[in-house]
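Trainee: These are the residues of each chain, in order.
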Amino acid sequence: MAAREGGSGFRWSPWNLLLLVPLLMLVTPWFNSTDPVLFGMPFFYWSQFLWVPVGVVCVLIVYLRTKGDGEYAPDADERVDDLDEGARR
Amino acid sequence: MIQWVELSVFVVLFLVVTVMGFVASRWQRGGGLDHLDEWGLGGRKFGSWITWFLVGGDLYTAYTFVAVPALMFGAGAMGFFALPYTVVLYPIVFLPVLRMWSVSRVHGYVTPADFVRGRYGSSLLAFLVAITGIVATMPYIALQLVGLEAVLRTMGLNGTGIAGHLPLLVAFVILAVYTYQSGLRAPALIAFVKDILIYLVILVAVIYLPAKFGGWSDIFGAASDKLAQPSPATGKPAGSILLTGNNQLQYITLALGSALALFLYPHSLTGVLASRGRDVLKRNMVALPAYSLLLGLLALLGYVAIAAGSKPITNNATGRPDTNTIIPVLFDGQFPDWFAGVAFAAIGIGALVPAAIMSIAAANLWTRNIYKEYIHRSATPSQEARQAKLASLVVKFGAVAFVLFVDPQFSIDLQLIGGVIILQTLPAVAIALYTRWLHRWALVAGWLVGMAYGMYLLYLIPNPAANRAHFGGSALTLDKLTIFGWHPFAGSQVQIYVGFVALVLNLLVVVVVSAVLHALKVGNGADATQGPDYHADEGSKRLRPVADVLTH
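So the protein sequences, as listed, match chains A and B.
For the first sequence, counting from 1, position 38 maps to 38 in the UniProt record's numbering; every step adds exactly one.
For the second sequence, counting from 1, position 251 maps to 251 in the UniProt record's numbering; every step adds exactly one.
Please keep in mind that the hints were generated in silico from the structure rather than gathered at the bench.
Source: prediction; values computed, not measured.
C-beta: ideal position from N, C-alpha, C; glycine also.
A portion of the hints provided could be inaccurate.
[Claimed, not checked] Here are the simulated lysine to aspartate or glutamate pairs, DMTMM-like style, with alpha carbons at most 20 angstroms apart:
| no. | chain 1 | residue 1 | chain 2 | residue 2 |
| --- | --- | --- | --- | --- |
| 1 | B | Lys541 | A | Asp69 |
| 2 | B | Lys45 | B | Asp279 |
| 3 | A | Lys67 | B | Asp279 |
[Claimed, not checked] Derived, one-sided and incomplete: chain B residues facing chain A with beta-carbon distance under 7 angstroms:
| no. | residue |
| --- | --- |
| 4 | Val88 |
| 5 | Gln248 |
| 6 | Arg278 |
| 7 | Phe397 |
| 8 | Ala430 |
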């Protein structure tokens, strides 16, 4: 079975890079402060809430751009060699 | 004193859910329940809505809803790690989860260990993954009981000794019976009620309560004052409403480590594998953060409890104040009785859904990767299903026994350890989805080293506030970090999450040993999967029919 060594079917879409954006939320020094206060809430708290929509938008864009990227093709078995084309339907 | 109005509302809602649990066995029924695809994965055909409620009900557990505000109440800003944790979670798992769904659907895998077995042809590696999953899940189930019991005790059912645990036992027997009968369909159906109640309660709480205590500004002021007071046990402040120089790294690594760990837990994958297709999962990765928003708001209720002057209830079974009762106490004191009853039912039912899914996931692991692999290799699908049903009972009563006979603190410690150990399966389960370069024996070695080192570091952590010398938490001061007696960061008081440190060492070992084994041309087992398997979607001919006869 060693011939299957490359059989991970790796595919790449540049849109996937958007998934890295929410990780910027982990840079705590950017928001670890009280000011500016909003509705009595320190910056530390309300700014982190803002990251929720940022995360949603990034994942949403990747979803819309890679919609239907799964393999439906009935003849998929014969096309093992064409994997890297990332066949978009 | 028993709160009759609260208790009545609670009991009524609990009965509604019980009926739903039994009816669920007839819901969306496929070819009978005598196959793991049906009993353990609900027929593998849940659409977007059911998946959203099921996975949401599964990941955001009663214990989370009780423990996160309790952590804010006790330690301040550190407890807010739950928000970044659930924000970075979905972007991180988005791609690997899709691959896991496709390959599992093509080969009929029911558990993460099934995948490892197929990918590496190694029953030992699969066994290690399965055992890790079961050991990490058991205390998690016990903690759901701790959450449920916090609510029951707040309603006045706070007896001493075994009698004090009786209400919990009754609730759990009911849960065990309908899970046995209906399988994954029961928590899937109940999750609708649970999540709607939770949303209702938390939205009301975050709108109504802050106004009652003079707005967020006064609440943060009160929290800041209280957290700054020196704790009697340590003489140092208990926490602060901002992170300090010493706990920022802990905040980051705990959020990241928890996000990496969550979908390695078998119960998370159970929810994923039960869905119908890739687009269902993608839509859910977009929609699930609605729960994160909720969790962030809920965390802030820990500060509201400070402003309200709530005091945790003393657990009559252990004789110690239980900070996990802080949110129930807040609701009890500030809401009218009937609405407090609704809130308690939300938390109580919120414990049942994940407890059911976790016991099913643990039962699937036991059946597929231990029973079928080592005890009864020729088991038929219906024998597998029967075995899993029985195992789910054993798992649940094991968890009850834990709460009855062991100090609840022990469950909390074990769950902490659970998070650290489940992370050690990341190379074998998640990285293996992308590459087979990591060698199977290297994965075994990395697992061993990561486990041992993680446990050792946890052992080193004291908790002066609780007067404990070992297993006092998951925050390791870098000063204590040691590699064979060498202290690379001696003198540093900066804290880091133990699981993260153990995972880094695990990965290092896996990479180095893989390189050596490849150089020595040691065999790496047979791979039963093929490239296109990782992209197969609903409708593809590659998919194995649901409830097909599984071959190993």
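Trainee: If any of the earlier hints don't hold here, list their numbers in rising order.
Mentor: Of the numbered hints given earlier, those the structure breaks are 7 and 8, listed in rising order.
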